Amino acid sequence: MTEPALLSVEDVSVDLPTPRGNLRAVDRVDLTIGAGRTLGIVGESGCGKTMLSRAILQLLPKKARLSGRVMFDGQDLVRLAPERLRRLRGRSLAVVFQDPMTSLNPVLTIGTQLIETLQEHLELDGNSAKRRSAELLAAVGIPAPEQRLLQYPHQLSGGMRQRVAIAIALSCEPKLLIADEPTTALDVTIQAQILDLLAREQRRRHMAMILITHDLGVVAGRTDEVAVMYAGRVVERAPTPALFKKMRMPYTEALLAAIPKIDAAPHTPLPAISGRPPDPTRPIQGCSFSPRCRYAAGPCYREKPLLAAAESPDHQYACFHPIKAPAGVCA
Amino acid sequence: MMQDIQPIRSHDALLRVENLVVEYAVGGKTIHAVSDVSLQVARGETLGLVGESGCGKSTLGRAVLQLRQAVSGRVLFDGQDLTAMRGDTLRRMRQRVQLIFQDPIASLNPRRRIGDIIAEPLVISGVKDPTRRQQLVCEVLSAVGLDPSLVIGRLPHEFSGGQCQRICIARALVLNPEFIICDEPVSALDVSIRAQILNLLEDMKARYGLTLLFIAHDLAVVKAVSDRVAVMYLGRLCEVGPSEQLFARPAHPYTALLIEAIPVPDPDVRPAESVPVGEPPSPIAPPSGCRFRTRCPRADQRCSDEVPELRPVAPEQFVACHHPLIAAG
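Residue numbers (the working numbering), protein chains in the order written: chain P, 1 to 331; chain H, 1 to 329.
Derived by calculation from the structure, the hints in this document are not laboratory data.
Owing to the predicted nature of the structure, the values given are computational and were not obtained by experimental measurement.
Note that CB positions come from ideal geometry on N, CA and C, so glycine has one too.
Misleading hints may appear alongside valid ones.
[What the hints assert, rightly or not] Among chain P residues calculated to face chain H with C-beta under 10 Å, some are:
1) A64
2) T189
3) I190
4) A192
5) V218
6) A265
[Stated by the list, open to error] Residues of chain H placed beyond 12 Å of chain P at every Cβ, according to the derived structure:
7) E23
8) R74
9) P110
10) C138
11) L150
12) R154
13) A220
14) P286
15) A299
16) Q301
17) D305
18) E306
19) V307
20) P312
21) I326
[Unchecked claim] Here are a few chain H residues that sit away from chain P, every Cβ distance over 12 Å (derived from the structure):
22) A13
23) L14
24) K29
25) M93
26) D129
27) F179
28) V186
29) L257
30) S288
All chains, please: the whole structure from these sequences, using the hints.
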């Protein structure tokens with residue numbers, strides 16, 4: 001890609017001190033995303049995907065130590081003064097969290113929360129901010145927006161609350177939206193509606209989006225590129241079609257295979273991944289996935305494989321024994 | 001393709017739910033959680049029960065165990081009416097029916113050791129000999145894939161979610177029940193762990209000769225383990241049928257909507273632009289007639305006037321819809 005990246009995460013690590021020792025939540029991650037593009041970050045709980053998004057947003061817990069650079073629109077967010085960072089967040093860098101109940105303020109009306117964001121960043125007067133808020137609610141598919149502005153989060157369903165959170169995130173026309181498991185708390189019919197809403201608004205606004213999820217099904221049809229994370233590292237990264245056609249990293253393959261398929265016959269045993277992810281306070285010497293990997297041998301137990309491209313420059317993976325046969329989506 | 005599915009004659013049914021109605025009173029209003037639901041589960045069968053949050057599927061599970069008092073209707077387990085039982089009779093009956101919950105960590109007492117947690121049902125059911133109890137606990141822990149010597153003396157917080165769910169399954173199995181109600185047993189677990197637990201449930205079903213009521217909101221998960229599937233919407237059953245048949249040819253528009261909404265892990269399958277069907281209405285004031293009509297593309301006047309009855313559309317497949325997607329045959 002020749003166009004300069006909107007966001008580039010360069011050699012970012014996050015360490016958290018815990019009573020059991022240092023926990024490396026994010027381990028030397030490099031990622032880029034161009035303007036208007038969608039990047040999916042996939043991984044299980046504890047793989048570091050949320051910590052990575054917090055590192056991008058500079059919203060890490062106080063005790064966390066961050067190293068590396070987060071270049072956004074030509075500025076290094078890690079070294080940006082708090083005041084400038086505050087003006088950037090919510091304006092050109094927005095976020096939607098998993099649980100809309102806890103990310104909205106329960107004692108303020110929907111209107112107050114929307115108007116606050118608009119006035120903070122866009123210097124709108126009261127009336128235009130109110131009008132704009134109602135427009136935003138209508139844009140995210142909330143019926144009777146004027147009345148909704150007067151309501152509190154608890155008066156709305158989970159799906160409606162997530163729409164409000166999206167409206168707030170979109171309110172200042174951000175360049176990058178980070179959606180961290182935006183539909184995990186929602187029912188499947190509502191999930192489809194929210195994902196469509198995000199995709200539509202993203203196209204319309206030419207906004208870049210990072211979609212964080214544990215569900216490969218969610219990223220398959222809705223991202224340009226996917227990064228798979230395991231134990232704090234990116235273990236495979238490729239354009240979405242290439243990843244699903246020829247996955248190389250055994251973890252990606254295993255993750256896909258473990259999803260129950262709607263077209264499989266009932267009582268088909270699922271190819272489960274044995275064991276569980278490693279304890280992040282007790283790093284494994286070799287490849288973090290080696291204890292659970294059916295291809296692991298020799299160097300996998302001694303050395304950490306580095307993320308590198310082999311046959312095509314945009315498909316990278318960290319594995320000594322990549323899957324050779326095109327596994328494809330039939331796994 | 002459907003060799004597993006036997007027609008269910010009523011005398012084969014281990015569990016029969018007849019016209020069950022469960023309501024909650026909330027702030028002077030009534031929540032119609034389960035409205036006139038009838039279903040049966042044959043011995044050795046897994047019946048999947050799917051629906052969105054708030055559709056009453058968990059309430060139905062609890063009402064089977066008499067953890068929720070039904071307003072009307074009957075729950076027959078092995079021919080005996082549980083709704084008429086009280087006290088000791090009910091407690092003895094409950095030993096044959098166990099429950100596994102969604103949140104495995106919250107359903108274990110954080111201050112008790114795993115060995116004691118699993119032995120508790122034995123204590124309650126009157127197994128007085130501690131050595132015998134210990135032996136049964138060790139057997140069941142090995143069965144769910146945990147090493148008894150490493151597990152018994154430890155506390156729940158020392159285990160991951162997947163391991164806690166194994167412990168919950170062990171606790172449900174220790175009394176050697178005939179029937180287990182699994183209420184969203186894998187929704188709180190990661191993809192890789194979820195597959196392990198689903199496989200374990202299937203193994204345990206075979207090993208202990210269990211009959212399962214498997215409640216979940218994820219259709220793919222339900223299909224993976226169920227012989228038949230019942231779809232519930234806002235307190236009522238929409239459709240019941242053999243899993244494969246129901247997924248291949250859904251008759252109820254709601255079933256079709258649920259199937260369509262499942263994200264497919266294949267980038268060549270473009271997600272269908274979701275139908276703007278909105279959200280389920282409140283169970284405090286459910287729509288008249290067919291409760292799905294406010295989100296249904298096929299709804300007409302009849303749907304608001306008349307409650308659709310569950311009727312056959314295909315062998316073993318029943319639908320409650322005035323305008324089913326497949327014609328009755």
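Each hint tested on the structure:
1. A64: violated, 23 Å
2. T189: With a closest approach of 5 Å, the P/T189 hint holds.
3. I190: This hint holds: P/I190 lies near chain H, its Cβ roughly 7 Å from the closest one there, short of 10 Å.
4. A192: OK, holds: P/A192 within 10 Å of chain H, min 4 Å.
5. V218: Since chain H brings a Cβ to about 5 Å from P/V218, closer than 10 Å, the hint holds.
6. A265: Because about 6 Å separates P/A265 from the closest Cβ in chain H, which is inside the 10 Å limit, the hint holds.
7. E23: H/E23 clear of chain P: closest Cβ-Cβ about 21 Å, beyond 12 Å.
8. R74: It holds; H/R74 is separated from chain P by about 29 Å at its closest Cβ, greater than 12 Å.
9. P110: H/P110 is indeed farther than 12 Å from all Cβ atoms of chain P, at 18 Å.
10. C138: H/C138 clear of chain P: closest Cβ-Cβ about 22 Å, beyond 12 Å.
11. L150: holds, 15 Å
12. R154: Holds, since 16 Å exceeds 12 Å.
13. A220: Given that some Cβ of chain P is not farther than 12 Å from that of H/A220, nearest at about 4 Å, it is violated.
14. P286: holds, 15 Å
15. A299: The claim stands: H/A299 keeps its Cβ more than 12 Å from every Cβ of chain P (closest is about 16 Å).
16. Q301: holds, 23 Å
17. D305: holds, 25 Å
18. E306: About 25 Å separates H/E306 from the closest Cβ of chain P, which puts it past 12 Å; holds.
19. V307: holds, 22 Å
20. P312: holds, 21 Å
21. I326: holds, 18 Å
22. A13: Check passes; 20 Å lies beyond 12 Å.
23. L14: Given a closest Cβ separation of 19 Å, the condition holds.
24. K29: holds, 15 Å
25. M93: holds, 29 Å
26. D129: holds, 35 Å
27. F179: Holds: least Cβ distance 18 Å, greater than 12 Å.
28. V186: Label violated. Min Cβ-Cβ 10 Å, cutoff 12 Å.
29. L257: Violated, since 6 Å does not exceed 12 Å.
30. S288: Non-interface label on H/S288 holds, nearest chain P Cβ at 21 Å vs cutoff 12 Å.
In terms of the numbered hints stated before, the structure departs from hints 1, 13, 28 and 29, listed from lowest to highest.
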